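Colleague: Produce the entire structure from the sequences given, and follow the hints as far as they go.
The lines below spell out each chain.
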Amino acid sequence: MALNFDLTEEQDMMRRMVRQFAEKEILPVCVELDQKEEFSVHLTRRMADLGLFGAIIPEEYGGTDVGYLSYIISVEEIARVDGSQAATLAAGVSLGISPIFYYGNEKQKQEWLPRLCKGEILASFGLTEPNAGSDAGASKTTAVLENGNWVINGSKIFITNSASEISGICTVQAVTGKRSDGKNELSCILVPNGTEGFEARPMHGKMCWRASNTGELYFTDCTVPEENLLGRRGEGFHQMLATLDGGRLSIGAMGLGGAQGSFEAALQYSRDREQFGRPIGSFQVNAFKMADMATQIEMARLLLYKACWLRDNKREFSREAAMAKLVCSEVFRMCANHAVQLHGGYGLMNEYRVEKFYRNQKLLEIGEGTSEVQRIVIARHIGVPGRAL
Amino acid sequence: MKVIVCVKQVPDTEAAVKIDPETKTLMREGVESITNPFDEFAIEEGLLTVEKYGGDVHVISMGPPQAQEVLRNAYAVGAENVYLISDRAFAGADTWATAYTLASAIKKIGDFDLIICGKQATDGDTGQVGPGIATQLNIPQLTYVDKVVEIDPDNKKIKVERLLEDGKEVVEASLPALITVVKDINEPRLPSLFGIKKAAKIEIPTWTAEDLPVEKEKLGLEGSPTEVVKVFTPEERGGGEILEGEIPEVVSTLVDKLMDMKFIQ
Ligand SMILES: Cc1cc2nc3c(=O)[nH]c(=O)nc-3n(C[C@H](O)[C@H](O)[C@H](O)COP(=O)(O)OP(=O)(O)OC[C@H]3O[C@@H](n4cnc5c(N)ncnc54)[C@H](O)[C@@H]3O)c2cc1C
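Protein sequences, first through last, are from chains X and P.
Be aware that the first sequence starts at 1, since it is given in my numbering, and climbs by one per residue.
Be aware that the second sequence starts at 390, since it is given in my numbering, and climbs by one per residue.
Note that these hints are calculated values from the structure, not bench results.
Some clues are possibly wrong.
Rough simulated footprint, nothing fancy, chain P against chain X, three-plus residues with beta-carbon under 8 Å [claimed, not checked]:
(1) 9-22
(2) 288-298
With a straight-line cut-off of 35 Å between C-alpha atoms, the simulated DSBU-like cross-links for lysine-lysine are [stated by the list, open to error]:
(3) X:107 - P:536
(4) X:306 - P:590
(5) P:651 - X:24
(6) X:314 - X:178
(7) X:24 - P:548
Source: prediction; values computed, not measured.
Glycine included, C-beta positions come from ideal geometry on N, C-alpha and C.
Modeller: Encoded structure:
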């Protein structure tokens, strides 16, 4: 009796609660927020009130500590309705909160985690730079230790949750020196929003996640105390890789939830819409599309939940996390595409949910490591010769 | 204030409910169970009442062991005294026997000021259990309440607004009393993860017939004066038709239609 697919009572209750929340409070406003590219402080705080931001944080730091799988289910349920709010939550937890929790010292955890769990402020993870995307180790931002302070110079781009009115802290990856092998030494430093020399500008004109906050960050002799170093000096690259492993699970959850939402919308429409005197879902070519969607969603869910299970059980999960991210985002692409196709012309109109799914899908094959990068990661895990680059 | 809320587990209203033609009972397989939607408002009203006037909320549900789920949901939103009333002896109870059993459980909890029920359950749709409980306990009943105007705990009075078919009515009663509430009396809160986590873990006390001050012959099918003669799925009614346009034109279309249907000649 080792293999068991039942969720716990707690997980079932949580899924119902998040689904109700998403349908009652996000669904009625998400199209307008998306159109206006408006970040919602209210919805962010509501997600925090419900305890979603603290899902993987122990109670002593204000968290709810329900485990990774439960957290992933909450992201999935929100993404089933709206990708932008799911992005705020997923980036807030996996990229914002988790590095502080996993690598922060006691003082840093006490200082930041309770406020982050409560949704008073948001944390962001500043890794990507204009010239360091997939090659995230190529950061050019520097931090120099002077008189007990880090002096930071450089810039970051595409940083989720970094430039909203409640963005409070950013984990910034910077070059802090040279290693003995001649490569750059990378470290992560906590930089509070509002620090002099730290400018966060919201980025506009996104195709996807339009109601999620994305920022461009500029550091000009930005000075923070030496104690803002996260973990040890030189561990930045390792911290970043481990953080992305967790982040991939939440991107997977967004793919899965979006795929599920696309599928449900398609199924409903295929029953309601009639052409040639029959519901369009009764044409075999359309029925098969939905059969494919349902099958692929089941597959994606199994893989994602297994990766979460590995993580919750403290097993190695980085290979499965990359696989789950890859599969979930590709399954979402297929489902969003079929869903729009089944809606015909109406599917292209923003009045219909599938239009937003179609736009939001693309990000998932790009953010937190492109699909190409996931294949590189997986290839390295399975023992192909060379570095698969 | 000691408030008691009665809740029922019902099949999800969004799912199409079918009736087994053989046994004439609801086919529950594959249908998700939920808290009766009107009872969600009752729970919320209980919580709001004690938030305003102090005291505690007790939630009871009569049903099979699975009905625990609705009590966990109530616990998760903050009603931290829950009891399941469950026994094979209760099976097949009609509204009177159900009201009798629930009233007995309420007596056992004792010392209450206010009982809150949903106006009806979405499965049986009778709306009789709330009034039945009030009758059994010999206390005032205020049905279809859409607003609690005020409660005066010291003078043991409650004033409510009742929703009638053709308007509203404000009435006052002495406490203890029973109210049944309609949709939109409040906005039921969602449980937070903190609440869910606690609720998933608690052991829910279960009361059987043995635990209640009841006469056995008044329970379940045996204690039910109502007999179900026939249960069936009614034929679906076609949707109505709304005629639009200028009045003279609409009237003449209507007359034609009625003549076609032979309602008028
Ligand atoms: C909305 C949004 C939110 C984001 N949020 C964050 C955030 O919070 N924090 C953060 O740090 N970053 C964030 N990012 C950045 C994101 O992680 C990067 O965009 C992503 O890693 C890709 O980098 P790039 O855009 O520079 O593309 P590039 O790296 O320039 O890639 C361009 C193309 O080349 C391919 N490619 C690159 N290298 C290889 C290779 N070795 N083999 C094969 N193909 C390759 C890529 O797969 C891609 O198809 C976000 C991005 C977006 C759009």
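Colleague: Decide, hint by hint, whether the structure agrees.
Modeller: Status of the hints after comparison with the structure:
Counting residues of the stretch 9-22 of chain X whose CB lies closer than 8 Å to any CB of chain P gives 7, which reaches the minimum of 3, so the coverage claim holds. Check result for the stretch 288-298 of chain X against chain P: violated, 0 residues qualifying (beta carbon to beta carbon below 8 Å, three or more required). A distance of roughly 49 Å separates the Cα atoms of residue 107 of chain X and residue 536 of chain P; the hinted pair therefore is violated under the 35 Å criterion. About 24 Å separates the Cα atoms of residue 306 of chain X and residue 590 of chain P, which keeps this hinted pair within 35 Å; it holds.
A threshold of 35 Å between alpha carbons decides the hint, and for residue 651 of chain P with residue 24 of chain X the separation of about 47 Å lies outside it, so the pair is violated. Distance check on the hinted pair: residue 314 of chain X and residue 178 of chain X sit about 33 Å apart at the alpha-carbon level, within 35 Å; holds. Of the pairs offered as hints, the one joining residue 24 of chain X and residue 548 of chain P holds, with about 31 Å between alpha carbons and a cut-off of 35 Å not exceeded.
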